[in-house]
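Participant: Taken in order, these protein sequences are the chains called A and B.
So the first sequence is numbered by this note's numbering: it starts at 427 and just counts up by one.
So the second sequence is numbered by this note's numbering: it starts at 87 and just counts up by one.
Heads up, none of these hints are tricks.
Derived DSSO-like pairs: lysine-lysine, alpha-carbon spacing no greater than 27 Å straight-line:
1) B:K202 to B:K229
2) A:K550 to B:K154
3) A:K485 to B:K121
4) A:K471 to B:K149
5) B:K155 to A:K550
6) B:K590 to B:K575
7) B:K478 to B:K590
8) B:K149 to A:K550
The hints are simulated quantities; they were obtained by calculation from the structure and are not laboratory data.
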Amino acid sequence: MNDGKKGSRRRRSSSLLYQEPPESMEHMSDQSALPNLNANWVNAKGAWAIHVVCIIGLKILFDIIPGVSQETSWTFVNITYMFASYLMFHWVRGVPFEFNAGAYDNLNMWEQIDNGDQYTPAKKFLLSVPIVLFLLSTHYTHYDLTYFTINFLAVLAVVIPKLPFSHRMRVALFSGDPEDR
Amino acid sequence: MDLQYAQHWLNDILNEVSTQFQKVPGSAIFLRYVKSSYQNDPVRSAVELFLVLFAIRYLLSPKYSTQKKSYVTLSDEEIDELVDDWTPEPLVAPQTQFEEAENEKRPIIVGPTGPKSKLSNGRTVTNLASYNFYNLVGNETLKEKAIQVLRTYGVGPCSPPGFYGTQDVHIKTEADIAAHLGAPACIMYAQAFSTISSVIPAFSKRGDIIVADKAVNYAIRKGIQISRSTVRWYEHNDLEDMERVLGKVVREQSKKPLTRRFIVTEGLFENVGDMLDLPKTIELKLKYKFRLILDETWSFGVLGRTGRGITEHQNVDAAEVDMIVGSLAGPLCAGGGFCAGSDEIVEHQRISAAAYTFSAALPAMLATTASEVLSMLESNPEMLTSVRDNIKTMWAQLDPRSDWIYCTSSAENPIMILALKLEVVLGRKLSMADQEQLLQEVVDETLANGVMITRVKSMPRAINATSKDVGWELQPALKVCITSGLSRKEIERAGITIRHAVTKIMTRKR
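Next up, chain B with everything else stripped away, as it sits in the complex (with noise of 0.2 Å):
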């Protein structure tokens, strides 16, 4: 009996709860909707209803972070008690003891530079640590047409060439270095420096590779360190090595979707001073398919008959390196910077390459010596033959005759970089922090005998960087910039006194 009720009592429930289902609107859609879905086929039925009960779970699901937490949270009690503990660090580190010394006797020269400059404690000396290779910071003509063209232009662009910025003569100075150089097209940067750190993030992104030289310059590292590449470094102007690193990217990368690759080098390097093997190295970029970017800030205007730079010096047709980038600022003693290629190069520079976009074109002034100097250079070259023989002077001083330096430096370089020789350094046991002390005694010693050179100043690296990282270590080394300011007579003199500098602070010392 109890059973026959509770069935009648279910049926109750049922029949009550159907009633009411039906008078809730829209419930003879849904059951007209289920009963021809269901179609007797039960599995269908239930996959549906799966991936609706799937559904609403995910709908009601609660949003949560996928980030990892890399940060604690503090009370408000606990961030003030950190505020109030801490104390700043200065912002700038105290000066080392050498750095103390240095700044001391620091020459400054008042008055215009020049071969010979006037230093403030009233002495004239002979000026060999300007890069005035051509003395043309003396040069009346010049100084005349930069006051023309002031007069005319005023003093800068004051915006990016992009917007209107761009005058004429840019455009003139930027025909004139492709024509100078035998490339297709040619943009011009307002700054040296930055030309180079900027034409390398324009073209090598991320997942790009590049190839460098453990050597390069400053702005060469800023530049690959922007670009966000991959960089494989090979041993310093070690062809050989180069290959090696090539292959084996080469290799590596088969399989992978294809990336863009560059050599980046320098022509003559800022931090060494000798010459890369241009013909070598276009070979390896033609066998390995990779695109040269060339830094000739040192060589450009330097090299070659009529300083078109490395190009001209090996006999390389300036339109099989992809990228020519170099300086105006040097040797050419106007300023900023340029970089020349095709035209597909060069125009995509102007509208991705940072420095070009977003910084002031150059002053007009600069751009119009600039042109000046390589018509100078193109009509002239004997202007390069009186620089090269200073430095041979120089070279027959210093190299041979020296018992303690070197010059590491090509021979056609005015820039001459004197390092220690390794069996001076390796039989006093000498560290790179001995070494530049003695090389900065040295300067102060040529400098008290009237004659100002400098030494090789690194870079501070990047914060935490080794040279484990880099794997190459700065050489300390003294700079000496030839100059064809000086007659043979006076070079020679000076050269003099740096070697007898040399061998005074080395033997005092032993």
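If we strip away everything but chain A, and leave its shape as in the complex, we get (with noise of 0.2 Å):
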């Protein structure tokens, strides 16, 4: 029952940054009832080499449409991934399956890989493929500036979130206030 412990999760200032509060007792144990299968198959065999296969994928895909130049061809490849992983890691919270009570509803998957620890052999990769992209589809759009400011403010949008730093803040504009509970 989660009246009557308020304090643990009370917002602490109106700042437009907040950290999300620590998690209670029965949060925690919760989450670690069972593995989190939702945050723990970036580990699994062919989880790296998977985002290898997309961008090629993706890169074939822009170039059989007709009319897409090279440089726009890398832009594009570029910009979906980044969407897509910004979705998937940074935006979306929680577990879509049922086998946590919830468990893990405050936090974004970058938050729930390897139990929140930093600079993990996982997260290194996963934060290195956005920069290697960034620099082949600067490399290969021949620098023009227009192309490189799209894509450099693409890798931003990716990068700040996966920062030490970054980690359990929230930006109130977007998430809200936090739950009083």
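Dock the two chains into a complex; use the hints.
Facilitator: This is the structure in structure tokens:
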């Protein structure tokens, strides 16, 4: 029962940025009741290769569309990958399956990976992929300033939320006030 | 001269470095990349270089955990020392004096239970402590029928319903209950207690909101706890307070993403015995857009002309209540529980209600007994009227006539809950423990005069939980269960015995 435990999840100030409050005891025991299948797959076999496969697939897809130049095609690949990974790792919160009684409802997938540990191999790989993809796409767009700006903004959007500093950080504008329970 | 010499030396070194660099495989590609990427734009190159350096720094950083360490690391010696020092507490706390006295005097029934039960000390007493309202315990036809089913189907299915535990009799009983109630569908559980505590978490999850009565029974409390939902309590059976809480929830949640919202309450309250105002509750639930989970454990088979429960009693269509949860164990003398509602609500539970999915199905003989009792109630509503006559007789003996106790139950409830009057409690400054002690003495005194009754016994609260967490304290009370197995005369006599016992205990203490 969640009443009578106020204080642990109360908002501290009305600032734009705030830290997701720590979980209650009950919450943490629910989290550890079962392995988090939603986040554990990033350490599974083939989970790294799939990023490369997807990027190559995207490149082929955009190349076969008639009338798309190499520069535009690379930019599209870049933007699509960044958008999809942002959506998956940083936007959607919780677990799509019902096996933890909603214990991860307040955390996005990046924060669930490796139980919130920083600089783990999976996280290092997942950060390198967008950076390498960005360098590749700026190279093949022949350093046109417009393409460069678009690609750079896209890479920033996925790199900043991956930094240790952004762990459990929320922007009140997008995610609303924290729940008080 | 010195300067020139130094310049010359520097050039030599640079030349050497560049020749060494060109020997490294892939250096040509790297140079080409840097040349083509520079393109007379130092700012952009700097940005790229920064990004690369940042990636390298990230890759080289050591791993660390963001979890707060909640334990102290101990050496092996320290662990051994702690283990040696540890003296285990007993698994069960020693009995209190009150419990010891109660256990010593606890009556033990020998042989079958019934309106007249034989005790282990050889005496035969009037039994008003069993949920045997229609005296179905002694019903020979039911017994014969159950034995027949036992010979055909065996003792139990020994398997969860979703596996191979469902038998034709279960499907028939589910249909019978749904038809009896007038609900679209019904699902049957193997235990009455775990029905509601499994229905609630099947629908309400973390983040969802439950508005519940403060006096709901232990099974509902467990269900709410398992569901991890946010609970808002309202004062017991106070629909104005319910409206206030509902309005508050709606206001608080107006800007948040939509969650499921439920009202959880009982038809006849297990701990207090009073009745819900269902039409008003339905009006509020529709107004504030909540779903209603109604626990009819003590009202199904009791209220209404043919025992359909509070919906029949207060002329409400059963389809208006989202989930009706009832018991087949108490008044129906069978076993198990059920949840009736729309087809979707029932089908959802077949894979997501814990007690249905993980526990063996109801024994076939209990299912057929339940069906049989329902058809008896439908074809023979006099069964109910004879109990109601007995309730009236008992009420006349106790509630208006006694100076000490009053009945908190509704007048239709065969479980009469008798609490000490407020002026008595206040006048004598009785604590909860004092009241329990007095009432236990009344129970003992009544038994000495040949009538067995009992007290309302509360389930233990969660560890460390106090009445403050819930805001409600169970009032100590006597429990008298009326049965149609006794004649009007016998009930009258039993009522007089109880009243006199109360008076005797209360006046002796003065």
